[in-house]
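Engineer: Using the sequences and the hints given, assemble the complete structure.
These protein sequence lines map, in sequence, to chains Z and C. Those letters in the first sequence? Residues 1 to 191, per the numbering used here, in order. Those letters in the second sequence? Residues 1 to 315, per the numbering used here, in order.
The set of hints was computed from the structure by calculation and includes no laboratory data. One should not assume that every hint holds.
Here are the simulated SDA-like pairs of lysine to any residue, each with C-alpha atoms no more than 20 angstroms apart in a straight line [stated by the list, open to error]:
id	chain 1	residue 1	chain 2	residue 2
1	Z	K175	C	A35
2	Z	K160	C	T299
3	Z	K160	C	G257
4	Z	K66	C	A35
Keep in mind it's a predicted model, so treat the numbers as computed, not measured.
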Amino acid sequence: MDEHDRSDEPQPTLPATHAAQDAYRSHDTEFSDFYRHSIVPLIGFLVVLGARPADAADVAQETMLKAYQDWNTITHPKAWVRRVASRAWGRHMARSHEDPVDQLPEHTSLLHPASGIEASGIEAVEQRHTVLQALATLPLRQRQVMAWTFDGYSAPEIAKELGIEPAAVRSSLLKARRSLTACLAQEGGPE
Amino acid sequence: MTSSKDIPDTDLDDWTSTQQSALIADIASHLDVDAGLREILLTSRHAAVLEDVTDKLDIEAGLSAIVDTEETTPTVAEHPDALFQPPAATDIANTVVKLITTLPPETRLVLRTHPTIAGCIALAVAHTASREIINFLRVARALNLTHARDIARDLDRGLDRGLTRDIARDIARALDRALAHALAHDRDLDRARALALDLDHALDRALAHALDRALDRFNRPAHEAVAKPLAILRQTPSTDRATILVTLGDTLNDLVGADLSGVDLTDVPLDGIRWSLDTQWPPDWRAQIERDSESVPGTADIFIIRGGSHTETRV
Numbered sequence: 001m002d003e004h005d006r007s008d009e010p011q012p013t014l015p016a017t018h019a020a021q022d023a024y025r026s027h028d029t030e031f032s033d034f035y036r037h038s039i040v041p042l043i044g045f046l047v048v049l050g051a052r053p054a055d056a057a058d059v060a061q062e063t064m065l066k067a068y069q070d071w072n073t074i075t076h077p078k079a080w081v082r083r084v085a086s087r088a089w090g091r092h093m094a095r096s097h098e099d100p101v102d103q104l105p106e107h108t109s110l111l112h113p114a115s116g117i118e119a120s121g122i123e124a125v126e127q128r129h130t131v132l133q134a135l136a137t138l139p140l141r142q143r144q145v146m147a148w149t150f151d152g153y154s155a156p157e158i159a160k161e162l163g164i165e166p167a168a169v170r171s172s173l174l175k176a177r178r179s180l181t182a183c184l185a186q187e188g189g190p191e
Numbered sequence: 001m002t003s004s005k006d007i008p009d010t011d012l013d014d015w016t017s018t019q020q021s022a023l024i025a026d027i028a029s030h031l032d033v034d035a036g037l038r039e040i041l042l043t044s045r046h047a048a049v050l051e052d053v054t055d056k057l058d059i060e061a062g063l064s065a066i067v068d069t070e071e072t073t074p075t076v077a078e079h080p081d082a083l084f085q086p087p088a089a090t091d092i093a094n095t096v097v098k099l100i101t102t103l104p105p106e107t108r109l110v111l112r113t114h115p116t117i118a119g120c121i122a123l124a125v126a127h128t129a130s131r132e133i134i135n136f137l138r139v140a141r142a143l144n145l146t147h148a149r150d151i152a153r154d155l156d157r158g159l160d161r162g163l164t165r166d167i168a169r170d171i172a173r174a175l176d177r178a179l180a181h182a183l184a185h186d187r188d189l190d191r192a193r194a195l196a197l198d199l200d201h202a203l204d205r206a207l208a209h210a211l212d213r214a215l216d217r218f219n220r221p222a223h224e225a226v227a228k229p230l231a232i233l234r235q236t237p238s239t240d241r242a243t244i245l246v247t248l249g250d251t252l253n254d255l256v257g258a259d260l261s262g263v264d265l266t267d268v269p270l271d272g273i274r275w276s277l278d279t280q281w282p283p284d285w286r287a288q289i290e291r292d293s294e295s296v297p298g299t300a301d302i303f304i305i306r307g308g309s310h311t312e313t314r315v
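Structural biologist: What follows is the structure, given as structure tokens:
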């Protein structure tokens, strides 16, 4: 399912001296390939969870930095970045709640300069997509399950990631789908 | 009005799939992926350079020239058996956590606020904070404060772990203020680091003594289950001891799924306990605990108890 999932075999440790430039290059090439394929879906994942798009970009970038630093120990990077980013977003939300002054915009260079916090930039994404407004009506657990489902994970895999029973995942998925369907029906149904 | 029954599942799947693709394309149009990648590769180059430089240095020799490292550089030689190979820190942590989780929840409730144990954990929290500050000062000096803000935020998160003892919180906050001062003035980093090292040594010694006292207190047959993890921690190299003790503290606070239905919670401090919807509380306590709890961010059914009248004192 995950084209970037790698073997469970232990990965070699990154050499610590400049004598191993080739190893660094290989490490960078592999990571860069993963980053280019995965950064946008990771931001999408966080947005589906409920993160504002600019915050999602910052959290995704922080997560990718950690992934780069731990690259040799990560066996399933696609799931790893989602797991780590989910937690980072939770901490980000807690900090924002405790200290709203700390919300001054200072975004990663990943965002185009014009994107910033202007409504005309990436934040306008929230208004443009009906699915996000429908997802916003769901409880967090159901949004979590939908976010993993959208990205191709099965109920047992999601259960493992969220630390809950597969039956609970299926139940949340069912409730989420029912709510989404009702929500969309009110708006005239899918086009 | 259209009812939900009018929309088949396949239509919903098609619709969400289309919407998901449109969302991803929209987000992508606002990103400069190459710039983001360059940012990560450049940032991490600093770490690679540091790693490379570190390899060329004899840090212990340099440190010995400045401070007495006898107490803080435990090695294999510290153990009476020279052939003894200490297990990895993660293995020790796993063993300690396993031993603690086998204790009945009512025992864990008592231990988490027992003055001897709480004192050890408080010192461990302060010790890990001092280690972070020393690392921060080392990196800050090497990187010319490039990562100062990120690491300071990590430190803040560390301080928010729910310190149970005012003294540990005060020590950690004092270090934080000293660090902020050093950063604000972009100078005196060497002096700040020397002070932090002194404090780190003091905390290391205090923690070793606190563990000795705890072992004396619990080293009897009736308390073997408590003495065992303490004995393991006392034998653990001091470089790992504090971190594992903090983990022990987190484990004592973790009552997710525990059955406390038959436990008398009168005057038991509950502040900082994590619980879940399947944690069983005494029936007459549940409503108050729900009132005094808040969700753990990023989770839907894990909660943490914050304050409340029953948390203030314990007989």
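Engineer: Take the hints in turn and mark each one as holding or not.
Structural biologist: Verification of the supplied hints:
1. Distance check on the hinted pair: Z:K175 and C:A35 sit about 40 angstroms apart at the alpha-carbon level, beyond 20 angstroms; violated.
2. At roughly 14 angstroms between alpha-carbon atoms, Z:K160 and C:T299 fall within 20 angstroms of each other, so this suggested pair holds.
3. For the hint pairing Z:K160 with C:G257, the CA-to-CA distance comes to about 17 angstroms; that is within 20 angstroms, so the pair holds.
4. Restraint check for Z:K66 and C:A35: the C-alpha separation of about 17 angstroms stays at or below 20 angstroms, so the hint holds.
In summary, the one numbered hint that this structure violates is 1.
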